[in-house]
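We have chain A already, so just place chain B on it with the hints.
Chains as they are written, first to last, in the working numbering: chain A, 41 to 377; chain B, 243 to 537.
What the hints contain is simulated information worked out from the structure, not anything from laboratory work. Being a predicted model, the structure only gives us computed values, none of them experimental. Every residue, glycine too, gets a C-beta built ideally from N, C-alpha and C. Treat the hints loosely; a few may be bogus.
What the hints assert, rightly or not - Label-pair restraints from in silico Cβ distances:
(1) Arg331/B <-> Pro322/A: 50 to 60 Å
(2) Ala510/B <-> Glu316/A: 32 to 42 Å
(3) Gly325/A <-> Trp304/B: 31 to 41 Å
(4) Leu520/B <-> Ile313/A: 26 to 36 Å
(5) Trp50/A <-> Gln455/B: 46 to 56 Å
(6) His235/A <-> Trp304/B: 54 to 64 Å
(7) Gly102/A <-> Ser371/B: 49 to 59 Å
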Amino acid sequence: MEGGSDVGAWSFYITTLLVYFVVDALSAFSLNLQFGYAGVVNFGFIVFQAAGAYVAAVVTLGPSGGQASFQQYILGSHLPFPLELLAATLAGAVLSLVVGLFALRRMRRDYQAAVLLIVSLIALQVVSADVPLFNGSNGLTGVTWPFGQLFGATATGSPFLYLGYAAIIGLLVCLGVIWLSRSPWGRSLRAMRDHEDAASAMGLNITSLRLQVFVLGGAIAGLSGGLLVEYIGAWSPGAWGYAETFVIFTAIFVGGVGNYRGVLVGTLLVPIIFLEIPRFLPAVGYPGLTDSLEWVVVGLAWMLCLLFRPRGIIPERRLKASLHGSPREPAPAEGSA
Amino acid sequence: MLAQLLGSAADGIVVAAILAVAAMGFTLQFSLTNVLNLSFGSVMTIGAFTAYLVNVAGLSPWLGLALGTVAGALATVLLGRGVLRLYARRRTQLFEMMMVTLGMSLVIDYGIQAISQNAIYGYTVLQGSPIRMGPIAVTPIQVGIIGIALVLLVAVEAALHLTKLGKALRATAVEPSLARSCGIKTSRVVLVTWLVSGGLCGLAGVVYIISTQSVDYTTGELFLPLIIAAAILGGVGSLRGAVVASLVMGLVTEIVAGFGGAAYSTVAGFAILVVVLLLHPGAVFGGAEDRQLVL
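Chain A with its partners taken away, still in its complex shape (with noise of 0.2 Å):
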């Protein structure tokens, strides 16, 4: 695989790329379960997904000062397949259940989602100066894959079998996310983002929904955390800026919010095409100001989906539930175009 061909380079890196396709479709469906389906507005997202990528970095590194003695972090050990990635999911879900306690009280929308917003700011901010947790901003790395016995060290020595196994475990997921969103429990989601008033009195308990679903994002996001970070071997600050949430939340938009095949499309569109096309171009400038342009425009996208297709550009199909013939209900307002 790491041959000097031409088809090998190509082949390996298709591949990494459809591995971050299987890593960014599972946040963006956890995100769309979250925001779509039940209008929890998750702009911490990205913290959650760090979460379960450091913890499955250091259960695996083995012991701190051991063999990578030159970097520093706590909870080392070798734990082995599959246990690191169900401590991942663990750590995203404890962590949401922990903002979640306080970022998910009832007040208004656009607080709960600043709130969220400053969760992530202030820990990227925490986790690069506190070096002794996860080795400040030099980060991780060295991380390595379950199957490091079997088939060589590190998962891209090996990207057909890493992919293989990533695709099963997000197919599992996603279409664990469908079922639960199609479920009683995903109608009474879309019920409280509609209208939280008439789902609270219909019997729903809104505070205990909606933390319900962000833990359970959370717990997605940790495991789509983990199986990056096998993957790539390295995870550091410079992985999880807050605006990285913000591609996941324009490939939502881009996609149709509510519709997780949009959201699929979504995804390959914006983290995936978009965001690799900007390699193939000739490099302009200094080293960096791809990167930084590429961020503005992720930028002006969001912008422009919000003006102008606020809902998605394949928007969630409308709920079709009618008791004797009596005629559908209104749309709800859009304000698109």
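The following block gives chain B in isolation, referenced to the frame of chain A:
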């Protein structure tokens, strides 16, 4: 121990002064337009970089302070009048407006990152040797920053309560449609508010980098959590509340930092908001779901 505490408290008051300038601007804008403006941090960075460029050009740092203020005001008016109006015309709701301001923040932050080549620039002007009073050491400019914050508090409070425009502003903040039917040109009131709050924001950016002595594209974003926390904790629209909340947050963050928790200083400041939120949810985040967008 006590010496450390006093030293940290002095630093805390300086941070509080910077925070107060920004929080006053934020709360003024928020109480009137009801848009939770997340691009506030980015505008701070614009002000800071303007001052840096003035310094590079070899001009007086005081001119940098003035031009940073002007840049903040112009940027805010441009965003408020140019961009947010566009969305308001399409009946974008308050909540989506906040998402729009976040998009603006992304564009500005990473635009600045592109222009500044993602580097950190030193900004060591007006520093001067510290004045020592026992364990407390403050530089003349730090005293100046505290003075600026106090003067601004008095000036803006006076303008709000003594001038006709200030009265119009308060009226519009409480009940925009009634204010409009009383003949108040709310659109002009909003324009003035954008100018004043943007100016405060730009100024806060400049005094912030005078204090930290460096500037990069994340400058405002790192400060944004404390600004929002202070503005919300102080009660939206209350300048005095914002200043008191800034003082509490400044003291807490610097004392935590002084006693070895530098990594957790912002967390400590934000934790105050969380604790208040948990103990008295109504006191801070009461109702106001039906607030109208005023642009």
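Going down the list of hints, with the structure as the test:
Our hint of 50 to 60 Å for Arg331/B and Pro322/A is violated, since their Cβ atoms are close to 40 Å apart. Look at Ala510/B against Glu316/A: about 41 Å separates their beta carbons, and that is inside 32 to 42 Å. Checking the proposed 31 to 41 Å range against Gly325/A and Trp304/B shows it holds: the Cβ atoms sit about 34 Å from each other. At about 44 Å, the CB distance of Leu520/B to Ile313/A disagrees with the hint of 26 to 36 Å.
Distance hint for Trp50/A and Gln455/B: a CB-CB separation of about 48 Å, consistent with the stated range 46 to 56 Å. A hinted range of 54 to 64 Å for the beta carbons of His235/A and Trp304/B is consistent with their spacing of about 55 Å. For Gly102/A paired with Ser371/B, a C-beta distance near 50 Å keeps the hint of 49 to 59 Å intact.
Checked against the numbered hints above, the structure violates hints 1, 4; every other hint is satisfied.
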